[in-house]
Structures are given as C-alpha cells and as structure tokens.
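Student: So the protein sequences, as listed, match chains A and B.
Numbering follows the working numbering, in which position 173 of the first sequence is assigned residue number 173; successive positions increment by one, without gaps.
Numbering follows the working numbering, in which position 284 of the second sequence is assigned residue number 284; successive positions increment by one, without gaps.
If you are wondering where the hints come from, they were derived from the structure by calculation, not from laboratory data.
Honestly, I wouldn't trust all of these hints.
For lysine-lysine, the following DSBU-like pairs were computed, each having C-alpha atoms within a straight-line distance of at most 35 Å [unchecked claim]: (1) A:K272 / B:K226; (2) A:K120 / B:K169; (3) A:K302 / A:K120; (4) A:K120 / B:K191; (5) B:K169 / A:K87; (6) B:K169 / A:K110; (7) B:K226 / A:K179; (8) A:K336 / A:K83; (9) B:K335 / A:K258; (10) A:K258 / B:K191; (11) B:K169 / A:K329; (12) A:K178 / A:K150; (13) A:K130 / A:K150; (14) B:K335 / A:K178; (15) B:K335 / A:K201; (16) A:K49 / B:K169; (17) A:K171 / A:K272; (18) B:K169 / A:K125; (19) B:K226 / B:K191; (20) B:K191 / A:K130; (21) B:K335 / A:K171; (22) A:K302 / A:K87; (23) B:K238 / A:K272; (24) A:K49 / A:K87; (25) A:K302 / B:K169.
In silico negatives: residues of chain B with every beta carbon more than 12 Å from chain A [claimed, not checked]: (26) V143; (27) G200; (28) T276.
What follows is a set of in silico ranges between Cβ atoms, one per label pair, in the way DEER data are often shown [said to hold, decoys possible]: (29) A:Q109 / B:S66: 49 to 59 Å; (30) B:G185 / A:N326: 30 to 40 Å; (31) A:G129 / B:V209: 56 to 66 Å; (32) A:T202 / B:L212: 27 to 37 Å; (33) A:N303 / B:G339: 50 to 60 Å; (34) B:G155 / A:K130: 31 to 41 Å; (35) B:G339 / A:A96: 22 to 32 Å; (36) B:L154 / A:G97: 31 to 41 Å; (37) A:T202 / B:V221: 31 to 41 Å; (38) A:N101 / B:L338: 24 to 34 Å; (39) B:L151 / A:T202: 31 to 41 Å; (40) B:I57 / A:G256: 23 to 33 Å.
Virtual Cβ for every residue (Gly too), placed ideally from N, Cα, C.
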Amino acid sequence: MDRSSPSRFRRSAPFVAVAAAAALALAGCASAHGGKKAEEAAQNASAGKANTPRMTVALVTHQAPGDTFWDTVRKGAEAAAAKDNVKLVYSSDPNAGNQANLVQNAIDQKVDGIAVTLAKPDAMKGVIGKAEQAGIPVVGLNSGLSDWRKLGLLEFFGQDESVAGEAFGNKLNTTGAKKIVCVIQEQGNVGLTQRCDGVQKTFRGTTETLYVNGTDMPSVRSTITAKLKQDNSIDTVVTLGAPFALTAVQSVGDAGSKAKVATFDLNKDMVKAVQNGSIEFAVDQQPYLQGYLAVDGLWLYKNNGNYSGGGVEPVLTGPAFVDRSNVDKVAEFAAKGTR
Amino acid sequence: MSMAQRAEPAVGTTPPASGPKDSDGRTARRPLALRLLARPEVGVFLGAAAVLVFFLIVAPSVRQGSSMATVLYQSSTIGIMALPVALLMIGGEFDLSSGVAVISSALTASMLSYQLTLNVWTGVIVALLVSLAIGFFNGWMVVKTGLPSFLITLGTFLILQGVNLAVTKLITGNVATDDISDMDGFGQARKIFASSFDVGGVQVKITVVWWLAFAALATWVLLRTKYGNWIFAVGGNKDSARAVGVPVTFTKISLFMLVGFGAWFVGMHNLFSFNTVQSGEGIGNELIYIAAAVIGGCLLTGGAGSAIGPVFGAFMFGMVNQGIVYAGWNPDWFKAFLGVMLLGAVLINLWVQRTATRR
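Could you put the whole structure together from the sequences, leaning on the hints where they help?
Tutor: Quick look at the structure:
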C-alpha cells in the first residue's frame, strides 16, 4: 500500500469506512464480521502491556502490496507495539527512492524510533544519516545484513540470505538431490539472487535458475512445468516464496515429473503441504520475529539503553527449517498467520 | 448481408487498392493470396507460426504433445482476457484495470464463500456480478464524462489494487485468502473452470477449450451480428455512429462489462486452480492482454481488428514465454529474449501486411 502519509494510520477513519463499505458491498452481508472477530480474538491473546510512556515507532519496508510474507512481519511489529505501548506507523514502497521519502516523512513527524529494511542500501544512506542527525535511533530488519553497520544503524534483525541459501544447499545434500532448479519470482531482486547463489555454493549437485512472473500464477505454473519437461533430470524444485512452492507442486504434477519441492519462507497453507509430504521442507526466516524484535529493540533502547546483538553483530532470525519432524508444532501458530 | 459488408472495411485494413491497373481497382481483382495476407489475423498467424517453427527446431522438448498443452494453457489464460480486451479496443476504448480486476473477482468469490461458509457457487455468482459492476462503472464513467478511458481505467486500476489489499486484510486478517478447496461446490466449479482432460495421453487444460469457444463466439458476434457492427462503428467514429442510430452508450458500456466477464472467468480459473489468492497479484497483466490484442491486429486507435487475431497474439506470447524455457537459454536474458521475439514476430506481421497491400 502506498501510504504517503503514515501519520494518517491512526486517524484513518474515513479510509476504514470506505474499505468497510467496500467490504460489505463485496460480501453483500454483514456477517463477514464473524471471521474477523475470531481473528481478533486470536490476536488479542498476547501478553500484558508495558506501562512505559507512549512512544512512536515508524516501520518502513520495501514491501510490494499484497505479499503474505510482509503481512507476517507487520503482524509481529504490531504485536510488539501493542505490548510495549508503542504507536506503530507502518509504511512501505518497493521503489527505493519512495522508501527513502517515507523515512524522511517519519523524521519530519519526529518519531521516537525508525525500523527500516535496506533492500537498496545506497538509496537509503542519505536519509538514514538525517535520522541520526535528528537523534532518532534507527534499526534495520530483513534485508541489509552486509550494510547496516556501515550506515550506522543501532542493531539489525534478519536472516543472512547467503547463509540461509548455504544451509538450504546443505539440507538438500542430505535428501539425495542431484539436479535442482531455483525459481526466482522477481527478476533483479538482490536478496532472492543471494539465496539461489547460496544454495549453489553448498549444494553438491547441479543448480539451474528459472525466472517466473510472480504476479501471474497460471504463468508461474506453466513456466515451471515447461522447465521440468525441458530437463527431466531435475529432481528438486526450489522456490523462494511459499505461494510459489504450492504452485510448483501443481507444475510437478502437470509435467508428470517425480521432482520434489522445497522452499524458502512459510505460510499457513504451506504447513498443510509439509504435513502431507507434497513439500519436503521450508526454510523459515521468521518474519514475525523480525517485525517484533525491531520494534521491541527500539523500545528496549529507549527505556533501558539496551543494544540487541551488542550493537556489532546482527540478530539472526533464520534459517530455521520446518519439515515433517517439527511441522505440527508450527502449524498451530501458522493457523493464526503469525508463522 | 448489408451488415457483413459494412463490417468488411473495418475488419481487414484492406486499402482502397489504388489501382493503376486495367480494372477500376476493386479488391476482387487482386489475387486471393494477397487478399488473404492483407487481413490482420493472417499476418499474426504467420508470425505465430514462425515462432512455433523456430522453437520446434531449437527446443526439442517443444515437440512433445504435453509441451504444446503447457504452451496452450499459458496462452489460454492470456487469450481469454485478450478477447474482450480486443473487442473493447475495436470499440475505441482501453481497460488498464483488467489485470487486477481478475484478482478482484477471485478474491470476492473466495472470501464470500469462506467467511460466510456458503456453497462456493454463491461466491462465484456474486463475483460475476461484482466483475460486471466494475465493467459497468468503467464504461459508464467513460461515456458520461467523455474522459479518455486510459484515465478512467487507470483510476479503477489503482482503486482495485488498493481495495483488493485492504478488503482482503480487513476480512481475512491476512493478505491472501483462505483455502476453500474443501468446501461444497468446489469440485464442480473446478471441473468447469480449472480441470483438464485427456487427448491421446496428453493432459489438456479446459481453459484452452473455453478460450477457443469464446474466440469462435466473438468472431461470430463481430462479423455476423448487428452488435458486431456497432462495435466497429463506435470505434471508428463515435459521432457518426450515433448519427446513424448506433446506441453508442450501450455498446461502450457493454464492452467494458464484457471485459468484466472475462476477468471473472480468468479469476475463477485462478481461484479453482490454486485454491487461494494473494491480493497483490495481477498487476502488469493488463499490458500483456493489450499487447496480445495489438499483436493480433487491433488498432490502438480503435475501429479495426478481429477476434481471431488476438487468439494468435496470445498464442505467440505463450509460445515465446515457454519456448525460451524449453530451449534452456540463459534465464538472465529471459525478458530480453521475450522482447526481441515479440518484436520480431510483430515485424513479420507488419511486413506481411505491407507486402500484401502494396499493389
């Protein structure tokens, strides 16, 4: 969502009203609230609330709209904000220049802390310097592991994509895979490329790359099918996002291939697929944890002067593997959309 | 019969055959082959055939029947939308909201069925109404304001993009819908929208059948019905069309609603094929639909085009898209290959028409 004025997040009554009206128009009936009530009940089950003075934290990410991954990051941040008596201002834009403007916007609002993703560190450098001049602590999350210290960030919460890729490759070695195809759903995305490179580094078999159009599922499905038919020695399909893993399972069926599917990232439907064995394993960088820790880290710094990771080392949230051995434990949390 | 004749000059961009020949220059004098070549769909047919032959040569795995089924599947999901988009373009208008409208429809059906625990057919029907309403809104705004449809549908595009996300989040608490595959009616709906059937050992997706059926229907409507004439007339010159009694408002609004119908159909395919829908999908596809229509010989300015042309346009896009993968080329160049192949195919298309219409 392209929210150019994050301050409106709280007083977004007109927006909510319009959205609600649209929701009602779409649902045609008010009883849709049943589902939402249950959802809220599940979310409100979190711990008690801090009695520290209210502070404002801006979370500025490079999320593209409507991606399940970022939704989980935001849920983590919201949970921490609720617990810490923090007012969370969320905004995002996949365009690096626009994201920098959103950070500037947060500085103008004189927030008490900024959590930011560094998908394109160079573009963010200037504005992060301004935040520091203004005395606003900045923490990094998700992407920018190799740059957060250079930019003078307080702390960093995320997964080293290369390390995750390497761990993934090692895990593949234990499954007896010989030839894999690494499916990239967004051409030119640095983090996704690092994952595939990491896999290639440790995986002892052959790795090929395939680009698909991530916003068009039928196209994703047929492109993976085509690849499996073109090269029937491929025994494992590696996807970099949960929805693509589920689609890859269908492609394997379409192609009449025996390939297995393994993936980065997790969502609620994926859990079922791991349980029934159609997906071998998923590497989980725990996006909920990234959002949660970033907000909580800023709160700790303000109220107790703490540095997570000692201010020199990143706090790694992944790679955690989810496979048949531990999927049942994860399932109950995934059902709430928090894993 | 007069209907078909009136449609004729608009269908083929058959030139007035400036004839320094002995005859009075009527097209009937020109050789049949050239007259055929002058039709826009023949050019794109040859372009598509060239792409097909090219990949049959360079990519051995394309030669399997099952590979062709995959290519046709990809083409069909583009092609089903490219058809109404092409009709709309012949009628002189654009729809930039068609890509996200597909996802709006799928989200509506999915969330309505899940949240109220209804038979999924209820969701499917409500989604159809919503899609038609979106089309009606686009058409009505265009006709009432007289603004370019580019602007109106750009607005709708942004609105739908935001609503898709916000409403999904509001209702499900997530940005993707819940899995509806275990609900009543899902199996039936999947049979209609997302099943496949066996042809000589090859699994063919049902969307391919729908695509070709819709194309046949659209061709008949365009060439053999009064409504088809109205489409050409409003796209050619709205004011003179109105002057001769063509219901311009009705025609334009109904064309936008037809795009809504297509969006609904493809949206249902997405839903019943993948069980859940991510609210951020669909962006960018509108340009692919328009590209398929333009490659298929529909003029960007309206008033000319066919329904069969976009079928080949969509096929060409699907063939190039999958062919590159079948050929096993370096994937870093994927988009560049795609662009070069499409441009090449369009140039063949253009060259064929120029050659055919020169004399």
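Student: So, for every hint listed, does it hold in this structure?
Tutor: Comparing the hints with the structure gives:
no. : hint                        : in the structure
1   : A:K272 / B:K226             : 53 Å, violated
2   : A:K120 / B:K169             : 27 Å, holds
3   : A:K302 / A:K120             : 27 Å, holds
4   : A:K120 / B:K191             : 45 Å, violated
5   : B:K169 / A:K87              : 20 Å, holds
6   : B:K169 / A:K110             : 29 Å, holds
7   : B:K226 / A:K179             : 58 Å, violated
8   : A:K336 / A:K83              : 18 Å, holds
9   : B:K335 / A:K258             : 29 Å, holds
10  : A:K258 / B:K191             : 25 Å, holds
11  : B:K169 / A:K329             : 25 Å, holds
12  : A:K178 / A:K150             : 39 Å, violated
13  : A:K130 / A:K150             : 15 Å, holds
14  : B:K335 / A:K178             : 28 Å, holds
15  : B:K335 / A:K201             : 26 Å, holds
16  : A:K49 / B:K169              : 25 Å, holds
17  : A:K171 / A:K272             : 21 Å, holds
18  : B:K169 / A:K125             : 32 Å, holds
19  : B:K226 / B:K191             : 34 Å, holds
20  : B:K191 / A:K130             : 58 Å, violated
21  : B:K335 / A:K171             : 32 Å, holds
22  : A:K302 / A:K87              : 14 Å, holds
23  : B:K238 / A:K272             : 55 Å, violated
24  : A:K49 / A:K87               : 13 Å, holds
25  : A:K302 / B:K169             : 31 Å, holds
26  : V143                        : 22 Å, holds
27  : G200                        : 15 Å, holds
28  : T276                        : 6 Å, violated
29  : A:Q109 / B:S66: 49 to 59 Å  : 57 Å, holds
30  : B:G185 / A:N326: 30 to 40 Å : 35 Å, holds
31  : A:G129 / B:V209: 56 to 66 Å : 60 Å, holds
32  : A:T202 / B:L212: 27 to 37 Å : 48 Å, violated
33  : A:N303 / B:G339: 50 to 60 Å : 54 Å, holds
34  : B:G155 / A:K130: 31 to 41 Å : 34 Å, holds
35  : B:G339 / A:A96: 22 to 32 Å  : 24 Å, holds
36  : B:L154 / A:G97: 31 to 41 Å  : 21 Å, violated
37  : A:T202 / B:V221: 31 to 41 Å : 58 Å, violated
38  : A:N101 / B:L338: 24 to 34 Å : 32 Å, holds
39  : B:L151 / A:T202: 31 to 41 Å : 52 Å, violated
40  : B:I57 / A:G256: 23 to 33 Å  : 24 Å, holds
Hint check: violations occur at hints 1, 4, 7, 12, 20, 23, 28, 32, 36, 37 and 39; the rest are consistent with the structure.
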